[in-house]
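Q: Please build the complex by placing chain B on the supplied structure of chain A, with the hints as guidance.
There are 2 protein chains.
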Amino acid sequence: MDSVIYGKNSVLEALIAGDREINKILISKNIHTDAKINRIKELAKQNGVIFQFVGKEKFEPYKEFNHQGIIANIAPIKYLDLETFLENNKKEYGSLVILDGIEDSHNLGAIIRTCVCAGVDGIIIPSRRNVLVNSTVEKTSAGAINHIPLIKVNSLINAIQVLKDNGWWIVSADASAKQNYYDIKYNDMSFALVMGAEHAGVSKSILKASDFVVKIPMENNFNSLNVSNAMSAIIFESVRQRKV
Amino acid sequence: MDSVIYGKNSVLEALIAGDREINKILISKNIHTDAKINRIKELAKQNGVIFQFVGKEKFEPYKEFNHQGIIANIAPIKYLDLETFLENNKKEYGSLVILDGIEDSHNLGAIIRTCVCAGVDGIIIPSRRNVLVNSTVEKTSAGAINHIPLIKVNSLINAIQVLKDNGWWIVSADASAKQNYYDIKYNDMSFALVMGAEHAGVSKSILKASDFVVKIPMENNFNSLNVSNAMSAIIFESVRQRKV
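Here the protein sequences come in this chain order: A and B. Heads up, the first sequence is in my numbering, so the first residue is 1 and it goes up one at a time. Heads up, the second sequence is in my numbering, so the first residue is 1 and it goes up one at a time.
Chain A extracted, bound-state conformation (with noise of 0.2 Å):
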């Protein structure tokens, strides 16, 4: 079954990145045409793509949606599995993101994309008890979906087993951890971070199967970071020390 991307970045980056097959994009008669609008016109052109002006009245079934007057109907989201992925990845030091139990929508969404701006090379997602590529999920991740592996496994412990097996380290963030999450070394080894649900955190089992367990430090006892925040100051830290 076909899913709905829209938003004029989700369309963008689609017809940019060209790996999934788009089958209609659909452009409101009512938007005014901008540079954006005017290049989707031109890609989808170039690679025969259908694309229809139409009435407001077929954007009413994603009225939720901030849809700014575009909507395309393009292929699932191709996961990757692990193995595929070992085989394929053949950087000195990788880093990986595994979630495990994100819930928001708009969490994966913002992972997904300072995922790609940080250069993580993918992101392990279980097949249950976190949300999957949806919509939102594409449209918040502002095309970025399109840019990174994203690997779905069945069980996080097998997975993080197989990682261990390859030679990558598991760092795991949890709140309780004794070591902040700057005192570690990124720079010379293959890497996964492990982020846990906004509530319950990263599993015990997972925790107990982990190399390193680090925290950030929290100010004013409000110990309530966004999932994506999180990630995002760990994952740059990551950068940094790899870049000084």
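Just to be clear, a hint being listed does not mean it is correct.
[To be verified] Chain A residues, not near chain B, derived (Cβ > 12 Å throughout):
#, residue
1, E21
2, T33
3, R39
4, F59
5, P76
6, S155
7, S203
8, A209
[Claimed, not checked] Calculated lysine-lysine pairs in the BS3-like style (CA-CA distance at most 30 Å, straight line):
#, chain 1, residue 1, chain 2, residue 2
9, B, K215, A, K90
10, A, K185, B, K178
11, A, K185, B, K243
12, B, K90, A, K215
13, A, K36, B, K215
14, A, K243, B, K178
15, A, K243, B, K208
16, A, K63, B, K56
17, A, K36, B, K204
18, B, K208, A, K36
19, A, K63, B, K63
20, B, K63, A, K58
21, B, K91, A, K178
22, B, K41, B, K78
23, A, K243, B, K185
24, A, K204, B, K36
25, A, K243, B, K243
26, A, K185, B, K215
27, B, K185, A, K215
28, B, K185, A, K178
29, A, K215, B, K243
30, A, K24, A, K45
31, A, K208, B, K243
32, A, K208, B, K36
33, B, K56, B, K45
34, B, K91, A, K215
35, A, K91, B, K215
36, B, K178, A, K91
37, B, K243, A, K204
38, B, K152, B, K215
39, A, K243, B, K215
40, B, K58, A, K63
Honestly, the hints are just simulated from the structure, not real lab data. Glycine residues also receive a C-beta, built at the ideal position from the N, C-alpha and C atoms.
A: Only chain B this time, still in chain A's reference frame:
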């Protein structure tokens, strides 16, 4: 006029902070009573705040919000003025975040949360061209809004001049900056970090008035970091530098 806050965390945090008058708490008869609801009832009793159990039809006007069956009428957030903030702030090295045209309520909520976690001393918001505190911001901030001064100013450029006159350094985030955000030293100055609008970035006049303009290095040519995630990376780098 009163504000409405919704969700267990928001109501609980407002009771704990105790600096805004709560007029009434409405709890749905249909919700499951858990530790948070019990704590809310306990604190409400202690502080003489009325709470009522009501049918779910009372929540009909708030159905687009994730209210979890609990809302409260609360005095609107009090904004501070910059002069009062500067008089009260006695830290040797302070930190502020200045928002220049943030439009998205979820982003503002996440920024407030991260600022509280990182021990930022206050957030400066222009009275125009920026989202102000509304119910979505209150909810997304998970109550953080009660733990940090929000400073509303009529002119950002004037506020920046006042800050500079008081010995603060201005650090603006901009994608085309030459310096990386981790190349400057945050540990021996009071600084205000300016984050720009989701699309337009920091205004030209503010960039010109800044002491430092910094960027987050982007991989993959994908320059589209969510503003709260960008701020998180920079602000926690300042925390790291001040701690190590």
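Q: Holds or violated: K243 of chain A with K243 of chain B, Cα cutoff 30 Å?
A: holds, 21 Å
Q: Over 12 Å to the closest beta carbon of chain B is the bar; see if T33 of chain A clears it.
A: holds, 18 Å
Q: K243 of chain A and K208 of chain B: Cα distance at most 30 Å?
A: With Cα atoms ~28 Å apart, K243 of chain A and K208 of chain B stay inside 30 Å; holds.
Q: Would you assess whether E21 of chain A, listed as outside the interface, keeps its beta-carbon beyond 12 Å of every beta-carbon in chain B?
A: holds, 22 Å
Q: Holds or violated: K63 of chain A with K63 of chain B, Cα cutoff 30 Å?
A: holds, 16 Å
Q: Against chain B, does S155 of chain A keep a CB gap of more than 12 Å to every residue?
A: holds, 29 Å
Q: Regarding the pair K243 of chain B and K204 of chain A, is the alpha-carbon distance no greater than 30 Å?
A: holds, 29 Å
Q: Is K215 of chain A within 30 Å of K243 of chain B, Cα to Cα?
A: Given that 30 Å is the threshold and the Cα spacing comes to 14 Å, the pair holds.
Q: Holds or violated: are the alpha carbons of K204 of chain A and K36 of chain B at most 30 Å from each other?
A: holds, 23 Å
Q: With the threshold set at 30 Å, check whether the alpha-carbon distance from K208 of chain B to K36 of chain A stays at or below it.
A: holds, 29 Å
Q: Compare the distance between the alpha carbons of K208 of chain A and K36 of chain B with 30 Å, and conclude whether the hinted pair is satisfied.
A: holds, 29 Å
Q: Does K178 of chain A lie within 30 Å of K91 of chain B when you go C-alpha to C-alpha?
A: holds, 27 Å
Hint violations for this structure: none, all hints satisfied.
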